[in-house]
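Using the hints, position chain R against chain D.
There are 2 protein chains.
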Amino acid sequence: MNKIITIGRQFGSGGRELGKRLSDELGIRYYDKEILAEIANQTSMSEEYISNIIEQAPKRSYPITIGNTFAFSDNYYMMQMQSVYLAQDKIIRQLASDSDCIIIGRCADYILRDMNPCRIFVYSSMQSRVERCITRAAEGENISEKEMKKKINEIDKNRSKYYEFYTGRTWGDINNYDVCINTSDKVIKDLVPGIAKLLG
Amino acid sequence: MNKIITIGRQFGSGGRELGKRLSDELGIRYYDKEILAEIANQTSMSEEYISNIIEQAPKRSYPITIGNTFAFSDNYYMMQMQSVYLAQDKIIRQLASDSDCIIIGRCADYILRDMNPCRIFVYSSMQSRVERCITRAAEGENISEKEMKKKINEIDKNRSKYYEFYTGRTWGDINNYDVCINTSDKVIKDLVPGIAKLLG
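Protein chains in written order, with my numbering: chain D, 18 to 217; chain R, 18 to 217.
Warning: the hint list may mix true and false statements.
A pair holds if it fits inside one copy or across any two, identical chains being indistinguishable in the list.
Stated by the list, open to error - Restricting the straight-line Cα-Cα distance to at most 25 Å, the calculated cross-link-like pairs of lysine-lysine (DSS-like) are: (1) K203 with K168; (2) K214 with K20; (3) K37 with K206; (4) K107 with K178; (5) K174 with K163.
By construction, these hints were calculated from the structure, which means they are not laboratory data. Quantities reported herein were computed from a predicted structural model and do not represent experimental measurements.
Bound conformation, chain D alone (with noise of 0.2 Å):
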C-alpha cells in the first residue's frame, strides 16, 4: 500500500510549508490547489468557485426542506457543494492509490481512511500565526494584527465546520490524527527531518 500523508492545518501555522518540504524531504508526490484543478475538470466548474465552496463553511447541517421555506438558491448551492465534495472524494481516492503523496487539507484523513494514512495535524499560538500571515502578505498589502486575527478566525471557523459537515468528526481533535505538531516559534524547515524520521 502506498505511503499516504495527510495534513490538517489551522490557518497561517505554516501547515502547507511543511508538507511541501516534507514532499521533497520524501521525494513524494504533493497535493494542494492541485486538486482543485482536478475538481474544476472534472465538474466544469471554475477552480475559484470551487476555492470558495471548499474555504466557506457548509450552510445547512440538516436538509434543507426542513422548514416552512424551500430555497432553490440554497438547494443549488448544496448540489454544487456536495459535487465539489464527490468530485474531490473520487480524485484524492485516486491520487492515493497510484503513489505515495502528501494531502493538504481537503477531508483527505477522512477519506483515505481506510488505506491507513499517516495523519498530521500543524498548529500554532494566535500570535504566531498572525506574525506568519503578516511576514507572508502580499507587498502592498496592509493588514492589521486585528484584521488578521479575525481573518484567520473567520477560515478556521468555516475549515472546522467543513470538516465536522463531512466527517462527523472534530477538526483539530488529537484523536484524529497520528501526529500534532505545534509550529509556534519554531522555523519549518527545521521541523521536517524529524517529522520525516517519525514517519518512518
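Only chain R this time, still in chain D's reference frame:
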C-alpha cells in the same frame, strides 16, 4: 539553558516507555518515580501516600471554608496535597536546572514554563490502551477489558483534574504541547529516533 523535555501521557499510552527510551537515545536523565522518592525525603510522607495524593484528583476546587461545614480531615488532606505540590514544584525546578532531562507527568510542562521545555503529550485509542495495559499486567493479575477500561478512565480523569487544578489549563489540549504523539498500533521503540530528531 538545559534541554528539558516534559511528557504528559494518557494512562496506558506508553508515554513512560517512550520517555525512558528517549532518555537512552539522547543520553539525558529521566525522572519519573524518582521525584516521589525525593518528595518523600523532603516531606517525611511515605512514597505510597504521596503517590496516592498525586494520582487522586483534588477533592476541592474551591477554598474549603466555603459552605456551612468545616471538615478538619479535608482541610488536613488539602494541606498535605499543597505540601506535596510545593515540594514537587521545587524538586522539578531543581532537576531541570541541574542538567538536561526528561520529566514524566506532574505538571512539569507548566512548572517549567519559563525554561521553554519541549512539551510532549502521548495518547492513544482506548482499545490500544486497554490492550497495552492487559499485556503488561503482572502475571496472575486477571483483569477484564471492561474493568481495565474503567480503571483507565478513572486514572485519566484524576490526572486531568489534577492538571487543571494546578495549572488552570486543560490536560491534553494541543495548545499546551509542542508535539502530540498517537501511539495506537505503534511500537514505541520505533517512534523514538524520529522524536529525538524532531526535538533537535
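Do the hints match the structure? See the list:
In the homo-oligomer, the alpha carbons of K203 and K168 lie at most 25 Å apart inside one protomer (22 Å), although the nearest pairing across protomers, at 38 Å, exceeds that limit. With identical chains, the CA atoms of K214 and K20 are at most 25 Å apart both within one copy (13 Å) and between copies (21 Å). In the homo-oligomer, the alpha carbons of K37 and K206 lie at most 25 Å apart inside one protomer (10 Å), although the nearest pairing across protomers, at 28 Å, exceeds that limit. Proximity of K107 and K178 under a CA criterion of 25 Å is satisfied intra-copy only: 21 Å inside one chain copy versus 44 Å between copies.
Only within a single protomer do K174 and K163 lie at most 25 Å apart by alpha-carbon distance; the minimum there is 17 Å, versus 37 Å between protomers.
Every hint, counting from the list given before, is met by this structure.
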